[in-house]
Each structure stands twice: as C-alpha cells, then as structure tokens.
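Going letter by letter, the sequence shown gives residues -20 to -1, 1 to 146 in mature numbering (1 follows the signal peptide of the UniProt record, and there is no 0).
It should be emphasised that the hints constitute simulated quantities derived from the structure, not laboratory data. Since the structure is predicted, the reported quantities are computational estimates derived from the model, not experimental observations. Accuracy of the hints is not assured; some may be wrong.
Dumping the calculated SDA-like pairs for lysine to any residue here, alpha-carbon to alpha-carbon at most 25 Å [claimed, not checked]:
(1) LYS74 x THR29
(2) LYS74 x GLY108
(3) LYS41 x ARG90
(4) LYS41 x GLU112
(5) LYS74 x ARG90
(6) LYS47 x THR29
(7) LYS68 x ASN98
(8) LYS41 x ASP113
(9) LYS68 x TYR124
(10) LYS68 x SER96
(11) LYS68 x SER107
(12) LYS68 x GLU112
(13) LYS74 x SER114
(14) LYS68 x SER89
(15) LYS47 x THR103
(16) LYS41 x TYR124
(17) LYS41 x ASP82
(18) LYS41 x SER58
(19) LYS74 x ILE87
(20) LYS41 x SER88
(21) LYS47 x PHE91
(22) LYS74 x HIS59
(23) LYS68 x GLY97
(24) LYS47 x LYS68
(25) LYS41 x GLY79
(26) LYS41 x SER94
(27) LYS41 x GLY99
(28) LYS47 x SER89
The calculated label-pair distances, taken between Cβ atoms and stated as ranges, are [as the list claims (entries may be wrong)]:
(29) THR43 x GLU112: 29 to 39 Å
(30) SER94 x VAL27: 14 to 24 Å
(31) ASN39 x TYR124: 17 to 27 Å
(32) SER49 x GLN110: 14 to 24 Å
(33) GLN110 x SER85: 30 to 40 Å
(34) PHE84 x GLY108: 33 to 43 Å
(35) TYR124 x LEU38: 32 to 42 Å
(36) ILE87 x ASN39: 16 to 26 Å
(37) GLY70 x TYR124: 17 to 27 Å
(38) ARG90 x SER69: 14 to 24 Å
(39) THR105 x HIS54: 17 to 27 Å
(40) SER85 x SER107: 27 to 37 Å
Think of the CB as a built atom: it goes at the ideal place given N, C-alpha and C, for glycine as much as any other residue.
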Amino acid sequence: MTLICVLIWTLLCFIQESSGVQLSFSSASHVLCGSSLSAGSVGQNVVLTQPAAKSVQLNQKVTIDCKASRQVAHWTGSHYFLSWYHQKSGEAPKALIYGTSDRFSGISSRFSGSGSGNGIDFTLTISGVQAEDSGVYYCQSYHYINSQYVYKSESLEAVWEQREIS
C-alpha cells in the first residue's frame, strides 16, 4: 500500500505545479527560503508551510520544517503519514523519509526525519550538507478529511551556485 501511495504521489508531483524555494550558495554560506501551498477541492483547508529563511554552511546541519494546518493522518506510535522527497533537476523525485522518521533503503544516515508528536510539526534534518544535496525537497502529507484521503505537498528548491572568491 505504501509503495502504491508513493507511486501515485510521484505521478501527481509531475502534474501539479509546485512553488519552489531558493537555497543559494555563495562561498561557504547557503540561504534557505520557504513558502506555503494550499490544496484544492476536498483539501482546500489543508496548508503545508515551510519557514521564510535561514542560512547554513557546507558540511553543517540544516533543518527544513514542515507545518500542517491540520493533523496529518496517524500511522502508529509516533509515526504519521508524512514523507520527504528530494528531486534533482531533470530527475524523478527520490523518496527519502516515510512515516515521519523512517529512511527508505539506500538513503544516507545524514538524512533524518522527526515530528513533534502533535501530527502538525515535522522536520527534515540534513547533517553535513553536501553539494549533491541540491534540488527540490518535498514535504508530503496524507490526511483523512470528510471521509476522504487528501494528499498535500510542499517543496523547497535548493540551488547551489559555487563562486570563486578573489
């Protein structure tokens, strides 16, 4: 079931227009910006929001927050149906985290997911940020609203630009 949901979401990802956020790199610093995206029809009252701005340097830790306006569907224990994806330019999205904090097979331990336990606030942490971490990061949630399941996604676009300092 999880794989089918991921495949459906991945297909929808290419159909829907996403709002991106810029992470730019100048010398050793990065700037991370965020935005919000609201759903249509059934889920129009669900909004996922990412922070406005923060900065990070290469090889340091960066956290990307995702806040849902409604509680994300609960799975078990501290696990909610909240996933994180990473998409590099020109490539299909790659699943990183599912169930709030579980890494998909083959994903580096530099990536970790967490939640506050309230089903609203979630965080993706990248320890030791590397240049290959550039791309679009998607926060994707699953909600049960009015007896219907609703998918939501929010993106963070990371663009790395290397400049020589003279």
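Okay, the hints, checked on the actual structure:
no.: 1; hint: LYS74 x THR29; verdict: holds, 21 Å
no.: 2; hint: LYS74 x GLY108; verdict: holds, 19 Å
no.: 3; hint: LYS41 x ARG90; verdict: holds, 9 Å
no.: 4; hint: LYS41 x GLU112; verdict: holds, 14 Å
no.: 5; hint: LYS74 x ARG90; verdict: holds, 15 Å
no.: 6; hint: LYS47 x THR29; verdict: holds, 5 Å
no.: 7; hint: LYS68 x ASN98; verdict: violated, 31 Å
no.: 8; hint: LYS41 x ASP113; verdict: holds, 12 Å
no.: 9; hint: LYS68 x TYR124; verdict: violated, 30 Å
no.: 10; hint: LYS68 x SER96; verdict: violated, 28 Å
no.: 11; hint: LYS68 x SER107; verdict: holds, 18 Å
no.: 12; hint: LYS68 x GLU112; verdict: holds, 9 Å
no.: 13; hint: LYS74 x SER114; verdict: holds, 12 Å
no.: 14; hint: LYS68 x SER89; verdict: holds, 19 Å
no.: 15; hint: LYS47 x THR103; verdict: holds, 9 Å
no.: 16; hint: LYS41 x TYR124; verdict: violated, 33 Å
no.: 17; hint: LYS41 x ASP82; verdict: holds, 19 Å
no.: 18; hint: LYS41 x SER58; verdict: holds, 23 Å
no.: 19; hint: LYS74 x ILE87; verdict: holds, 9 Å
no.: 20; hint: LYS41 x SER88; verdict: holds, 14 Å
no.: 21; hint: LYS47 x PHE91; verdict: holds, 18 Å
no.: 22; hint: LYS74 x HIS59; verdict: holds, 20 Å
no.: 23; hint: LYS68 x GLY97; verdict: violated, 30 Å
no.: 24; hint: LYS47 x LYS68; verdict: holds, 23 Å
no.: 25; hint: LYS41 x GLY79; verdict: holds, 22 Å
no.: 26; hint: LYS41 x SER94; verdict: holds, 14 Å
no.: 27; hint: LYS41 x GLY99; verdict: holds, 24 Å
no.: 28; hint: LYS47 x SER89; verdict: holds, 23 Å
no.: 29; hint: THR43 x GLU112: 29 to 39 Å; verdict: violated, 19 Å
no.: 30; hint: SER94 x VAL27: 14 to 24 Å; verdict: holds, 21 Å
no.: 31; hint: ASN39 x TYR124: 17 to 27 Å; verdict: violated, 40 Å
no.: 32; hint: SER49 x GLN110: 14 to 24 Å; verdict: violated, 32 Å
no.: 33; hint: GLN110 x SER85: 30 to 40 Å; verdict: violated, 20 Å
no.: 34; hint: PHE84 x GLY108: 33 to 43 Å; verdict: violated, 19 Å
no.: 35; hint: TYR124 x LEU38: 32 to 42 Å; verdict: holds, 40 Å
no.: 36; hint: ILE87 x ASN39: 16 to 26 Å; verdict: holds, 19 Å
no.: 37; hint: GLY70 x TYR124: 17 to 27 Å; verdict: violated, 35 Å
no.: 38; hint: ARG90 x SER69: 14 to 24 Å; verdict: holds, 20 Å
no.: 39; hint: THR105 x HIS54: 17 to 27 Å; verdict: holds, 22 Å
no.: 40; hint: SER85 x SER107: 27 to 37 Å; verdict: violated, 19 Å
Comparing the model with each numbered hint stated earlier shows that hints 7, 9, 10, 16, 23, 29, 31, 32, 33, 34, 37 and 40 do not hold.
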